[in-house]
Amino acid sequence: MKTVDCLGDMCPIPIIKTRKALKKTTSGETIKVVTDHSCVLESIVNNFKEYKISHEEVINGVWEIFITKD
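Going by full-length UniProt numbering, 5 is the number at position 5 of the sequence shown; the sequence numbering is gapless.
Note that these hints are calculated values from the structure, not bench results. The beta-carbon is built from N, C-alpha and C at its ideal position, and this holds for glycine as well. Be careful, since some hints might not be right.
[To be verified] No farther apart than 30 Å at their CA atoms in a straight line, the calculated lysine-lysine pairs in the BS3-like style are these:
1. Lys52 x Lys2
2. Lys69 x Lys52
3. Lys52 x Lys17
4. Lys2 x Lys20
5. Lys69 x Lys20
6. Lys24 x Lys2
7. Lys52 x Lys32
8. Lys49 x Lys2
9. Lys52 x Lys23
10. Lys17 x Lys69
11. Lys32 x Lys69
12. Lys49 x Lys24
13. Lys49 x Lys20
14. Lys49 x Lys69
15. Lys17 x Lys49
16. Lys69 x Lys23
17. Lys17 x Lys32
18. Lys32 x Lys2
19. Lys23 x Lys2
20. Lys20 x Lys52
21. Lys2 x Lys69
22. Lys23 x Lys49
[Said to hold, decoys possible] Pairwise CB distance ranges, derived in the manner of DEER restraints:
23. Thr26 x Asn47: 15 to 23 Å
24. Gly28 x Asn60: 12 to 20 Å
25. Lys49 x Glu29: 27 to 35 Å
26. Val58 x Cys11: 28 to 36 Å
Hey, can you work out the whole structure from these sequences and the hints?
Rendered as structure tokens:
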């Protein structure tokens, strides 16, 4: 699983990094986006509706977002 480190990044940088990572993945693969901004979670959910997305707050204020390409 590829990890996209977006810690400290503000929008739109995480969206750009995520889009670039998804272009390099094949069907069925999952990428993990790590962020410390709640707005990034909302932006990813809104911008990548065609993918399966799940997320988890692993520590207070840090989220891991899993995006699976169909």
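Hints versus structure:
1. Among the hinted pairs, lysine 52 with lysine 2 is consistent with the structure: their alpha-carbon atoms are about 16 Å apart, no more than 30 Å.
2. In summary, the hint linking lysine 69 to lysine 52 is supported, as the alpha carbons are separated by about 7 Å, within the 30 Å threshold.
3. For the hint pairing lysine 52 with lysine 17, the CA-to-CA distance comes to about 17 Å; that is within 30 Å, so the pair holds.
4. With a C-alpha separation of about 12 Å, the suggested pair lysine 2 and lysine 20 falls inside the 30 Å cut-off, and the hint holds.
5. A threshold of 30 Å between alpha carbons decides the hint, and for lysine 69 with lysine 20 the separation of about 13 Å falls inside it, so the pair holds.
6. With a C-alpha separation of about 10 Å, the suggested pairing of lysine 24 with lysine 2 holds against the 30 Å cut-off.
7. Under the criterion of a C-alpha separation no larger than 30 Å, the hint pairing lysine 52 with lysine 32 is consistent with the structure, at around 12 Å.
8. Distance restraint check for lysine 49 and lysine 2: the Cα-Cα separation of roughly 20 Å lies within the 30 Å cut-off, and the hinted pair is therefore satisfied.
9. Note on lysine 52 and lysine 23: the hinted pairing holds, with a Cα-Cα distance of about 15 Å set against a maximum of 30 Å.
10. Distance check on the hinted pair: lysine 17 and lysine 69 sit about 15 Å apart at the alpha-carbon level, within 30 Å; holds.
11. For a cut-off of 30 Å, the pair hint linking lysine 32 to lysine 69 stands: about 12 Å separates their Cα positions.
12. Between lysine 49 and lysine 24, the direct Cα distance comes to roughly 18 Å. Compliance with the 30 Å bound is thereby established for this hinted pair.
13. Between lysine 49 and lysine 20, the direct Cα distance comes to roughly 16 Å. Compliance with the 30 Å bound is thereby established for this hinted pair.
14. Under the criterion of a C-alpha separation no larger than 30 Å, the hint pairing lysine 49 with lysine 69 is consistent with the structure, at around 11 Å.
15. Taking the CA atoms of lysine 17 and lysine 49, the gap is about 16 Å. The hint holds against a cut of 30 Å.
16. Taking the CA atoms of lysine 69 and lysine 23, the gap is about 10 Å. The hint holds against a cut of 30 Å.
17. The hinted pair formed by lysine 17 and lysine 32 meets the criterion: a straight-line CA distance of about 11 Å does not exceed 30 Å.
18. The hinted pair formed by lysine 32 and lysine 2 meets the criterion: a straight-line CA distance of about 6 Å does not exceed 30 Å.
19. With a C-alpha separation of about 12 Å, the suggested pair lysine 23 and lysine 2 falls inside the 30 Å cut-off, and the hint holds.
20. At roughly 17 Å between alpha-carbon atoms, lysine 20 and lysine 52 fall within 30 Å of each other, so this suggested pair holds.
21. Proposed proximity of lysine 2 and lysine 69 is supported: the alpha carbons are some 12 Å apart, at most 30 Å.
22. Our distance criterion of 30 Å between C-alpha atoms is met by lysine 23 and lysine 49, whose separation comes to about 15 Å.
23. Range check, threonine 26 to asparagine 47: about 20 Å between beta-carbon atoms, so the 15 to 23 Å window is met.
24. A beta carbon spacing of about 32 Å between glycine 28 and asparagine 60 contradicts the range 12 to 20 Å that was offered as a hint.
25. Checked against the hint of 27 to 35 Å, the pair lysine 49 and glutamate 29 fails, with Cβ atoms roughly 18 Å apart.
26. About 20 Å separates the C-beta atoms of valine 58 and cysteine 11, a value inconsistent with the hinted range of 28 to 36 Å.
The structure is inconsistent with the numbered hints 24, 25, 26, although it conforms to all the rest.
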